[in-house]
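Student: So the sequences go chain by chain: H and A.
If you read the first sequence in my numbering, its first letter stands for residue 1, the second for the next number, and so on.
If you read the second sequence in my numbering, its first letter stands for residue 1, the second for the next number, and so on.
Just so you know, the hints here were simulated from the structure itself, not pulled from any lab data.
Some hints here could point you the wrong way.
[What the hints assert, rightly or not] Which residues of chain A face chain H? A partial, calculated answer using Cβ under 7 Å: (1) 17; (2) 22; (3) 97; (4) 99; (5) 103; (6) 104; (7) 115; (8) 116; (9) 125; (10) 126.
[Unchecked claim] Partial selection, computed: residues in chain H whose CB lies under 10 Å from chain A: (11) 107; (12) 108; (13) 110; (14) 113; (15) 263.
Bear in mind the structure is a predicted one, so any value in this text is a computation, not a measurement.
Beta carbons: idealized from backbone N, C-alpha and C, even for Gly.
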Amino acid sequence: MKTSFKIATIYALSGILWILLSDKLLLLIVGDEDLMEISYIQTLKGTFYVSFTAVLLFFLVNSYHRKLNEKIRSLELLNQQLKQSNSELEQYAYIASHDLQEPLRVTGSLLQRLQQKYSDKLDDKANKYIHLSIENASRMRKFVQDLLEFSKVGNMNETLTTVNLAELTEEIKLDLEKIITENNAEIRVSGVSVVVAERLKLKQVLSNLISNGIKYSNPPVPPVIKIHTSETPSDWEISVTDNGIGIAPEFHQRIFELFQRLHPSSENGGTGIGLAIAKKIVDKWSGSIRVESQLQSGSTFYFTIPKKR
Amino acid sequence: MNMRPINILLVEDNEGDILLTAEALEEVNINNNLYAVRDGEQALDFLERNPPFANEQLPDLILLDINLPRKNGIEVLKHIKNTRVLRHIPVIILTTSSSESDISRSYDNYANCYITKPSDISDFTHIMKVIEDFWMRIVKLPNLT
Chain H
1 MKTSFKIATI YALSGILWIL LSDKLLLLIV GDEDLMEISY IQTLKGTFYV SFTAVLLFFL
61 VNSYHRKLNE KIRSLELLNQ QLKQSNSELE QYAYIASHDL QEPLRVTGSL LQRLQQKYSD
121 KLDDKANKYI HLSIENASRM RKFVQDLLEF SKVGNMNETL TTVNLAELTE EIKLDLEKII
181 TENNAEIRVS GVSVVVAERL KLKQVLSNLI SNGIKYSNPP VPPVIKIHTS ETPSDWEISV
241 TDNGIGIAPE FHQRIFELFQ RLHPSSENGG TGIGLAIAKK IVDKWSGSIR VESQLQSGST
301 FYFTIPKKR
Chain A
1 MNMRPINILL VEDNEGDILL TAEALEEVNI NNNLYAVRDG EQALDFLERN PPFANEQLPD
61 LILLDINLPR KNGIEVLKHI KNTRVLRHIP VIILTTSSSE SDISRSYDNY ANCYITKPSD
121 ISDFTHIMKV IEDFWMRIVK LPNLT
């Protein structure tokens with residue numbers, strides 16, 4: 001309202017001032033009586049024109065301004081909502097990292113104390129109850145931590161860099177050294193050697209796929225994991241092939257969902273977070289992830305990294 | 001070497017945790033007096049020697065949780081580090097939280113160190129032993145009484 005009035009007034013005043021001044025100037029130079037008559041009418045006409053357009057301008061700017069204000073208000077509202085949901089998310093992450101874990105940790109620790117101090121006074125059944133309670137308390141903690149980890153994926157901003165896949169695989173091998181030596185696993189890398197990606201995220205995806213390949217191996221056959229990278233004009237595609245137990249086709253979708261597992265918890269230890277995290281990361285960079293596998297004949301996981309982002 | 005019992009103030013609201021800490025200290029055979037208070041306000045009353053703590057000695061070491069009723073650990077830490085007669089006392093943040101913001105808020109307010117409590121009981125006992133060894137035997141603290 002104020003701005004449109006100001007703009008219209010400035011326009012009208014400068015127009016009228018120009019008309020009057022230019023008339024005065026003209027008369028000063030020419031100084032003709034007849035001209036004075038004509039210029040008077042011209043002045044009136046000019047003033048009317050300027051006033052009329054000023055009113056139009058006022059309404060035009062006014063309506064434009066109102067629309068702009070509405071847009072700004074709705075954006076402010078949206079911004080506020082985003083801020084709130086963000087702080088709720090932080091709150092939730094905090095609750096997960098502290099409030100949910102504390103009672104679990106204390107419960108687990110007290111049960112361990114019970115086991116340490118009194119196990120020889122209890123019978124086998126009682127000891128088994130204690131043992132299973134400890135195991136479940138620690139499992140619950142693992143779930144809480146993994147859920148936290150899952151919610152953090154994607155909030156981390158990382159820049160794109162060129163990543164040498166052989167080097168990255170060497171790093172992953174160091175991280176997974178324990179299960180690699182335990183299972184006598186072999187890891188091979190082939191194909192395109194360099195991709196452009198968020199290094200840490202790519203590492204997390206590859207590392208999850210490799211460790212799955214080792215975990216779900218087919219003893220006594222030692223696991224062999226083959227990483228192969230190919231490219232099309234638009235994408236890189238990385239495949240991770242293992243010679244493990246394989247996955248029946250009816251589970252090919254479900255394995256990417258959070259906390260979905262195909263094996264009892266004690267056998268392979270995980271909570272079912274690895275593939276869910278891998279999928280979330282790949283989805284974030286607008287790639288795709290899928291598996292090809294048959295029971296008993298190994299699995300190949302494929303994921304893509306778009307070249308243009 | 002100073003052989004008088006060391007006074008430890010434990011600020012912790014979870015009774016289970018108080019028991020576990022007391023037992024861990026017992027297990028590592030440290031000659032200590034452990035005082036446990038259950039919230040941040042009590043902790044400040046203890047340190048200011050307000051009633052009912054008028055006859056207590058200042059602690060040699062403070063083990064401070066962050067999530068506490070009434071006044072949280074960070075507020076207690078701020079008070080300690082802003083008070084001339086208290087700020088030399090080592091404050092060890094001992095908490096379940098491993099959140100980045102808790103860690104940085106603690107060090108921003110001059111916590112002496114930050115430890116996330118382990119879930120395994122023998123790890124916990126080991127940590128208590130290391131804390132005592134470090135702060136009570138290795139480190140030299142000013143002798144103000």
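Student: Taking the hints in turn, state whether each one holds.
Tutor: Here is how each hint holds up against the structure:
no.: 1; hint: 17; result: holds, 6 Å
no.: 2; hint: 22; result: violated, 11 Å
no.: 3; hint: 97; result: holds, 4 Å
no.: 4; hint: 99; result: holds, 5 Å
no.: 5; hint: 103; result: violated, 11 Å
no.: 6; hint: 104; result: violated, 13 Å
no.: 7; hint: 115; result: violated, 13 Å
no.: 8; hint: 116; result: violated, 9 Å
no.: 9; hint: 125; result: violated, 10 Å
no.: 10; hint: 126; result: violated, 13 Å
no.: 11; hint: 107; result: holds, 7 Å
no.: 12; hint: 108; result: holds, 5 Å
no.: 13; hint: 110; result: holds, 6 Å
no.: 14; hint: 113; result: holds, 6 Å
no.: 15; hint: 263; result: violated, 24 Å
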